[in-house]
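Trainee: If you want the building blocks of each chain, they are given just below.
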Amino acid sequence: MSKIDRALAELGLTLPAVTKPLAAYVPAVVTGNLVFTSGQLPMIDGVLAEAGKVGAEVSAERGKELAQICVLNALAAVAAEIGSLDRVTRIVKVVGFVASDPGFLAQPSVVNGASELIGKLFGDLGTHARSSLGVAVLPLDAPVEIELIVEFA
Amino acid sequence: MSKIDRALAELGLTLPAVTKPLAAYVPAVVTGNLVFTSGQLPMIDGVLAEAGKVGAEVSAERGKELAQICVLNALAAVAAEIGSLDRVTRIVKVVGFVASDPGFLAQPSVVNGASELIGKLFGDLGTHARSSLGVAVLPLDAPVEIELIVEFA
Amino acid sequence: MSKIDRALAELGLTLPAVTKPLAAYVPAVVTGNLVFTSGQLPMIDGVLAEAGKVGAEVSAERGKELAQICVLNALAAVAAEIGSLDRVTRIVKVVGFVASDPGFLAQPSVVNGASELIGKLFGDLGTHARSSLGVAVLPLDAPVEIELIVEFA
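Protein chains in written order, with numbering that gives the first Met the number 0: chain A, 0 to 152; chain B, 0 to 152; chain C, 0 to 152.
Note that these hints are calculated values from the structure, not bench results. Quantities reported herein were computed from a predicted structural model and do not represent experimental measurements. Please note: incorrect hints may appear among the correct ones.
The list makes no distinction among identical chains, and a pair is therefore deemed to hold if it is satisfied within one copy or across any two copies.
What the hints assert, rightly or not - Under the rule of at most 20 angstroms between Cα atoms (straight-line distance), these lysine to aspartate or glutamate pairs were calculated in the EDC-like manner:
{"hint": "1", "residue 1": "Lys19", "residue 2": "Asp100"}
{"hint": "2", "residue 1": "Lys2", "residue 2": "Asp123"}
{"hint": "3", "residue 1": "Lys19", "residue 2": "Asp123"}
With the hints as extra help, turn the sequences into a complete structure.
Mentor: Below, the structure written as structure tokens:
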């Protein structure tokens, strides 16, 4: 059992099966020692866990949970490319898009669902740069979409 | 005639002249063996092919055609930097921004206009990671904006 | 005094202290010879310089000034990682997110606040690829958010 798998298990989590892309692309691509993931939606077993805008139909707290689901999907995509998450040497960048009610301004607290899980799993190797954006609408009316750039050896 | 030029010709397409940036930047930059393009609008001969939001003034089908125009502009920018698209070893990442009517949720089908053309031109080297986002408004009221990260040798 | 520090001084500018992230991440990460910054808001001494949407509460001209503040924060984050901005060999990519009134279409002119400052500071090494997007809302209701990818030696 790999170190990161153990860390996941301690949190009561497991990597999901890699989410099938919605269209003509792949979940992640390796170039050099970087993995670029596709934007990951909060899909569970191929179904969107929840739809709607954060700050309206979806609470900030629920948005944070959904961001965590996005990260699990992103890490599953990374693991499928590089074999094991134990090869990760740095989570370089997280970009979090939050489908936001116009009055909702706490995008960072939603994307923290991604950042905090990464911190728990990867420790110092997980300290990443990050951008959080509020967008009008995401594919399938998803509340959150997360993409990663990951360095590995 | 290069391989990719032939593939373009078979689709009845040609690379356009590189679109002049709207401001103080350049169409693409090389770092190491990667090319990062600027966000490309659906410009034809320096004029925006169409304005408006997808799902309102612009249909999803038309949005898909516009995404293809964006990709041609992006590939023209890449070719201008590296000399020939035959040097491309991987299309690493496509990010597609769709200026969306609030009720429009099919951003992935629009950005497929980009992905499918890349697949036809580059085959396996064209299988890319991708993020599709719905945004409120794009420069010049463009319906679509596409950026690429491309690996070359 | 470094070359870039001199260029800043000639413009009457200084690098700010690195802006504390809003959440569980860091201002910039180095991978290989690239620095990826977090999305930077127009913070001055830890306080958002101005809130609101460009084209509504915030003018395009003011948005441009705020984009310049974002870049100073981003460069401060880069300098903190690599020691001196004189090590920069290329500003590779600028992504500018403009929180936009639905009728505001001049995102590129706002993001020019970033591009023009970079040009003044870095000359040819500052000619970058760029994407400008209009988004519904940014963290803390910030009008602008800027992220950079920077190459260094």
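Trainee: Could you run down the list of hints and mark each one as holding or not?
Mentor: Hint check results:
Proximity of Lys19 and Asp100 under a CA criterion of 20 angstroms is satisfied in neither setting, with 28 angstroms inside one chain copy and 26 angstroms between copies. When the C-alpha separation of Lys2 and Asp123 is checked against a cutoff of 20 angstroms, the pair qualifies only within one copy, where the shortest distance is 14 angstroms, while the shortest distance between copies is 33 angstroms. With identical chains, the CA atoms of Lys19 and Asp123 are at most 20 angstroms apart between copies only, with a shortest distance of 18 angstroms across copies and 30 angstroms within one.
When each numbered hint is compared with the structure, a violation occurs for hint 1 only.
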